[in-house]
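Those protein sequence lines, which keep their order, are chains A and B.
Per my numbering, the first sequence starts with residue 139, numbered consecutively.
Per my numbering, the second sequence starts with residue 326, numbered consecutively.
Worth flagging that the hints you see were computed from the coordinates, not collected in a lab.
Only true hints are included.
Just some of the chain A residues that point at chain B, by a computed CB distance under 8 angstroms:
no. : residue
1   : Phe203
2   : Ser207
3   : Ser208
4   : Leu210
5   : Gly211
6   : Leu212
7   : Gly214
8   : Arg215
9   : Glu219
10  : Phe223
11  : Leu224
12  : Ser226
13  : Leu227
What follows is a set of in silico ranges between Cβ atoms, one per label pair, in the way DEER data are often shown:
no. : chain 1 : residue 1 : chain 2 : residue 2 : range
14  : A       : Leu150    : B       : Trp722    : 29 to 37 angstroms
15  : B       : Arg667    : A       : Ser180    : 54 to 62 angstroms
16  : A       : Asp220    : B       : Gly786    : 36 to 44 angstroms
17  : B       : Ile368    : A       : Leu163    : 55 to 63 angstroms
18  : A       : Ala202    : B       : Trp525    : 41 to 49 angstroms
For every residue, glycine included, the Cβ atom is placed at its ideal position computed from N, Cα and C.
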Amino acid sequence: EEASGTTFWVSLVATLALSIAGIALAWLLYGRRSDAPRRVRSRAPWAVRALEHKLYWDEAYDTAFYRPSSRLGLAGRRFVEDPLFLRSLGVLGGGVRGASARVAAAQTGLVRSYVLALAAGVAVMAVVFVLAR
Amino acid sequence: MHTTILILIPLLGALLVWIVPWPRDWVAPFAVLTSFAALAFWIGLTASNFDFDRGGLHHEDELTWVADLGIAYKVGLYDFSLWLVGLTVLVSAAAIAYAFWAGRERPRAYFGLLLFLEGATVGVFAAQDLILFYVFFEAMLIPLYVLIGVWGGPNRMAATVKLIVYTLAGSLLMLVSIIVLGLSQGTFDMTELGRSGSTWIFLGFAVAFAVKAPLWPFHGWLPDAYREAPPEVTALLSGVISKTAAYGLLRIALPTFPENVADWRVPVLVLASIGLVYGSLLAFRAPDVRGVVAYSSHAQMCLIVIGLFAFNDSGLNGALLQMVNHGLISAALFLLAGTIERRAATGELALLGGMARGRPILATMLIGVGVIALAVPFSTSFAAEFLILNGVFERGWGWAVVGVVAIVLAAMYMLRLISAVLHQDVGSAVPRAALDLRPVETTLVGALLVGLVALSLWPAGITDRAFGGQPARTVEAQFDGP
Numbered sequence: 139e140e141a142s143g144t145t146f147w148v149s150l151v152a153t154l155a156l157s158i159a160g161i162a163l164a165w166l167l168y169g170r171r172s173d174a175p176r177r178v179r180s181r182a183p184w185a186v187r188a189l190e191h192k193l194y195w196d197e198a199y200d201t202a203f204y205r206p207s208s209r210l211g212l213a214g215r216r217f218v219e220d221p222l223f224l225r226s227l228g229v230l231g232g233g234v235r236g237a238s239a240r241v242a243a244a245q246t247g248l249v250r251s252y253v254l255a256l257a258a259g260v261a262v263m264a265v266v267f268v269l270a271r
Numbered sequence: 326m327h328t329t330i331l332i333l334i335p336l337l338g339a340l341l342v343w344i345v346p347w348p349r350d351w352v353a354p355f356a357v358l359t360s361f362a363a364l365a366f367w368i369g370l371t372a373s374n375f376d377f378d379r380g381g382l383h384h385e386d387e388l389t390w391v392a393d394l395g396i397a398y399k400v401g402l403y404d405f406s407l408w409l410v411g412l413t414v415l416v417s418a419a420a421i422a423y424a425f426w427a428g429r430e431r432p433r434a435y436f437g438l439l440l441f442l443e444g445a446t447v448g449v450f451a452a453q454d455l456i457l458f459y460v461f462f463e464a465m466l467i468p469l470y471v472l473i474g475v476w477g478g479p480n481r482m483a484a485t486v487k488l489i490v491y492t493l494a495g496s497l498l499m500l501v502s503i504i505v506l507g508l509s510q511g512t513f514d515m516t517e518l519g520r521s522g523s524t525w526i527f528l529g530f531a532v533a534f535a536v537k538a539p540l541w542p543f544h545g546w547l548p549d550a551y552r553e554a555p556p557e558v559t560a561l562l563s564g565v566i567s568k569t570a571a572y573g574l575l576r577i578a579l580p581t582f583p584e585n586v587a588d589w590r591v592p593v594l595v596l597a598s599i600g601l602v603y604g605s606l607l608a609f610r611a612p613d614v615r616g617v618v619a620y621s622s623h624a625q626m627c628l629i630v631i632g633l634f635a636f637n638d639s640g641l642n643g644a645l646l647q648m649v650n651h652g653l654i655s656a657a658l659f660l661l662a663g664t665i666e667r668r669a670a671t672g673e674l675a676l677l678g679g680m681a682r683g684r685p686i687l688a689t690m691l692i693g694v695g696v697i698a699l700a701v702p703f704s705t706s707f708a709a710e711f712l713i714l715n716g717v718f719e720r721g722w723g724w725a726v727v728g729v730v731a732i733v734l735a736a737m738y739m740l741r742l743i744s745a746v747l748h749q750d751v752g753s754a755v756p757r758a759a760l761d762l763r764p765v766e767t768t769l770v771g772a773l774l775v776g777l778v779a780l781s782l783w784p785a786g787i788t789d790r791a792f793g794g795q796p797a798r799t800v801e802a803q804f805d806g807p
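The following block holds chain A by itself, in its conformation from the complex:
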């Protein structure tokens, strides 16, 4: 729903008026040599500080967005990305190498070992068939 003509003009005039008032105030305080800035600073130091810190918007953004994102990013890299994703294949490869080494050790080269393995396999299959029936 678009703003009505009255709302539009009131907003425009108010914004212009505030802007011009701000420029005028700045000129009164700083545009000509006067003691006004020192007096304002002594009477309302908190206001001056807030204005110099741009109403603490930077600090608010820092607290709300920057620091949590930074911590999350660093934590993500340290606790998730590095151990889980970047090293995962290395762990898998190491596991395969270890399993291969054990299987290789089982290769005795003796015929009786292979006959025993075959017999054990046949026995297991026989048990499975009997149970399945």
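Please arrange chain B on chain A, whose structure you already have, making use of the hints.
Showing chain B alone in chain A's frame:
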């Protein structure tokens, strides 16, 4: 024959580079000329020979291979795949020219492999037969294995093995899916495939493309591969090859398995959303230039998948536009990373800084590309991301909220990158004598930046010339023309 010519130009170029006994100094210029010939051919094809008003397949070439199984050499271009082929030839030309400028050992092998990679990638976007698609999809791996494994950085072998193992595992699942799908439908012709409701076949394709993209949590190969490969190879990997995965989802998975797409939409959107935020957070705190761009690339690919699985006009248009955008952006950023590494001998952000002083061209290029990358309003990235978020909003407002958060994070990591490299105190690794971008470097990165600016001025140049103006209906109709 146009499509076949487009595939053959780089492949024949590779063959000539390998076979003909060129003088060593002639190899790289010939490779550059070949890549520019492919680019010129694509420009001519697009400007004069492509009827965007007529939907369906254009410039179709077909040759029967195995009639009994319905396997054929069949290639052709749709309006949307034309843009992806254009992205491929443009980025390839920039990458090969950059390699020529940088100088590489064993140029005959190196440039032949780059041209072969270009030809295989164009083949993926053009293939209209599932077996042919698979052949080209796998053919991309061969040059990548050698390019990274031989010419890569100190940890190149680990990076290469990871890339190959991840990709092959996914591809083997896709091969099984292709065989089962093709045999069950009696054809491998992608233009004649009917719909399928098989979850396992769908997952075979989806996992393969999820690994290639990569989608979280299949991205384990990405950081090492992007860091260890030569910068121009990384530009190709991130800018173009990752798009073959998104293309596969768009061309095969979405139209062939609509029920499965609907069933798996939520899990895929969850994974993509996690990847989008996760990749953005890691990019924000990555310690090096390539790390920032690599994780950013991962996040952007997840965003593209979100757009695809929104599966409506807005999402699909946004996904296609962002594919092209991201291709140009990441290629430009990785080439810039290469120029920075040539000057500072490192990409570690802690050792860089202040490079804008006395290097206005580098600063302009990095800020120009970076600002477009963070989707500043009126940029082409903004248009694409808006379309994607608008599309996924129709599936649920929560997805759009995640996307918006990621856009904020994108601004944070990109501005951090710009500031860490260009501003603040001069880094300890930045020599005072380090030069600004040379004319060749400026031209190559500038060409990609000009493309981005042109798209920013006219994103409808792509979205109005894709899917016949009706993306969702075109995909649902399995890309059948009128």
